[in-house]
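Number of protein chains: 2
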Amino acid sequence: MDKVFGGAVIGFGGMGSWHANRIKSAQGIELIGVYDIDPERHEAARKDEIYTFSSREELLADDRIGLVTIATPNDVHKEIAIAAMAAGKNVICEKPVTLSSKDLEEMLGAAEKYGVLFTVHQNRRWDGDYLTVKKIYEDNTLGRIYNIESRVQGSRGIPGDWRGIKKYGGGMVLDWGVHLLDQALTIMGDKKLVSVYATTTHITNDEVDDGFRATLNFGDVNYYVEVTTNDFVELPRWFVLGENGSAVIENWDIEGRIVKVKDWENYDVTPIQAGAGITKTMAPRTSKTIKKYPLPKVHSDWGEFYRNVIACINGEENIIVTHKQIRRCMKLIEAIFESAKTNSVVPFEE
Amino acid sequence: MDKVFGGAVIGFGGMGSWHANRIKSAQGIELIGVYDIDPERHEAARKDEIYTFSSREELLADDRIGLVTIATPNDVHKEIAIAAMAAGKNVICEKPVTLSSKDLEEMLGAAEKYGVLFTVHQNRRWDGDYLTVKKIYEDNTLGRIYNIESRVQGSRGIPGDWRGIKKYGGGMVLDWGVHLLDQALTIMGDKKLVSVYATTTHITNDEVDDGFRATLNFGDVNYYVEVTTNDFVELPRWFVLGENGSAVIENWDIEGRIVKVKDWENYDVTPIQAGAGITKTMAPRTSKTIKKYPLPKVHSDWGEFYRNVIACINGEENIIVTHKQIRRCMKLIEAIFESAKTNSVVPFEE
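Chains as they are written, first to last, in the numbering used here: chain A, 1 to 350; chain B, 1001 to 1350.
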């Protein structure tokens, strides 16, 4: 690492505190201080022996600070990010980056204008379960994969703060959706997203969505994303189908399995009684023609995000979470809202 | 039962043989004989001590026969059904009743013209798993239900006969779909089906679909239907969400559970480490605020189908599987094909 420079956090809530700790423990950067509009949060910061700036202006005027992480409510990301970039700071913005592509373009334009780094904290690219699916996809473990289902199911409604309010960028599409959609776009890589069909739910909240279901048509891959907050039973976190086998990941602890065909013949078929009829088509296979495998092991290091940002500022690496990706994910979120609102399939690319 | 009249089966394959046995064991009807174009099938019938007619004409000319069950390939249902009705016979037709609404109207028109009963063997209305979900829905067990998912997942491709050939009415929408869609329309009852979005798969077969996924928008109920034939792991047969609880039915043996909220408070929340982040929203509930229940017990008697048909012919009951329902299900199948072909949401009713 060439040099150590200063980092600061604006917005010292749950995520802001998390970022402050990450900056403290990262190499090549030191935490200079934080700023929050809430005096109680400054109290909390000082208890952690973190310096608190008296104003955002004071923070942005501090020449020691090279990197500002923004962890405020979503609706003020834009204004703060642009102010920070105008002050010459590199910026990490919490997700969702902002509430519309229009606002996002202003933010990306500012990064270009002031010649600074701007990226989004898409930490769930380092989720072990996601990296496992990505490896299965890239290694062609199941043959050609044609179906991926990614679900996160909760039962507690929307947490009772700004996440339930529209003008603050609340709702599950923007909160959890942004993670699962970014994962989808990243796994699929250069594959074009042809169209989007989505529905949203309003079980516990009228103002914003408290869940959604989206079918992303990537041509030869059907990618389904679901977030719910009123489910008292759960389906697996991931469900993946390839031509020669299937994979399931049950949970965040990456419990699951791969099942692959070892012999396409149907000589192990015994018709089963299935409700008011018998069926051969739906009779489960036996170990005669399929084989179970454990999930592949992946390495996942959440520290890579800050390491990459710092290396990027030092001119040593390319940024992992790029402007192009941030833009595409924002447009996908807008397509989901549009599809749900109009009950129609929304064309996306090409 | 007023009188015993004669029944016959045209098409003596797997299902034809099943029907012959049902007629043998039903009250108020006796099996007169069967007809198949394949001499080998006649051989099989005679081994079961069943009379085989030398021609369809001979069968239809037999005055003892009041009810004909048609269990031939799908593409000849129409012609045989109309010939049977013209001969004054009441008709049970195997599913799918035929391949288009246009053909179906000719069949229903013939029933009216000749004043006979015409119905379709929708035997899966007597599936215990389906009846369990229907009871949960009707008893309001989970509060207002807003999401029902119905999946049948196989791994053997399409059975290697006429089911893989388009002109014979092959493919999974027509084979298994017709059951799950009829169940959906029956559970939802008078609720209007607003629109349909569907995708089909062609993993092991180019000519016909070897699976499909359909989202049926019933206004305040999202009803999802899926049939697959290349899945080596399975999701539960049924997944049902209500405002106050959820239900899952794992399999045909009706294993599963209901989980209901007993206290909406979130005081049992402990944030969980979930991949590269922590979450309160998605933290599972504990027994402090939810409670598990067994699935309700239902009575299921597959014999009711023939009993109803016979009672209906004797003027004692109304038919269970009505023309209106048969028509609606056929139109739904067509909407699914249209949606998948055009990658669009197809409006259905109103």
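Think of the hints as simulated: they come from the structure by calculation, not from any bench.
In this text, a Cβ means the ideal position worked out from N, Cα and C, and glycines have one as well.
Among the hints, a few may not be true.
Stated by the list, open to error - Distance windows between CB atoms, simulated:
1) B/R1257 - A/T286: 21 to 31 Å
2) A/E105 - B/R1257: 45 to 55 Å
3) A/A86 - B/T1270: 53 to 63 Å
To be verified - A partial selection of chain B residues facing chain A, derived with a Cβ cut-off under 8 Å:
4) S1100
5) S1101
6) N1123
7) D1127
8) S1195
9) D1231
Unchecked claim - One-sided and incomplete, this derived list gives chain A residues near chain B with beta-carbon spacing under 8 Å:
10) A26
11) R156
12) P159
13) Y197
14) I203
15) E207
16) S246
17) S344
Verification of the hints:
1. B/R1257 - A/T286: 21 to 31 Å: Given range 21 to 31 Å: holds, Cβ gap about 27 Å.
2. A/E105 - B/R1257: 45 to 55 Å: holds (49 Å)
3. A/A86 - B/T1270: 53 to 63 Å: violated (42 Å)
4. S1100: Since the shortest Cβ distance to chain A is 23 Å, the answer is violated.
5. S1101: Interface hint status for B/S1101: violated (23 Å vs cutoff 8 Å).
6. N1123: holds (5 Å)
7. D1127: holds (3 Å)
8. S1195: Hint on B/S1195: holds, closest Cβ of chain A at ~6 Å, below 8 Å.
9. D1231: holds (6 Å)
10. A26: violated (15 Å)
11. R156: holds (5 Å)
12. P159: holds (6 Å)
13. Y197: holds (5 Å)
14. I203: Holds - the Cβ of A/I203 comes within 8 Å of chain B, reaching about 6 Å at its closest.
15. E207: violated (17 Å)
16. S246: holds (4 Å)
17. S344: Because about 5 Å separates A/S344 from the closest Cβ in chain B, which is inside the 8 Å limit, the hint holds.
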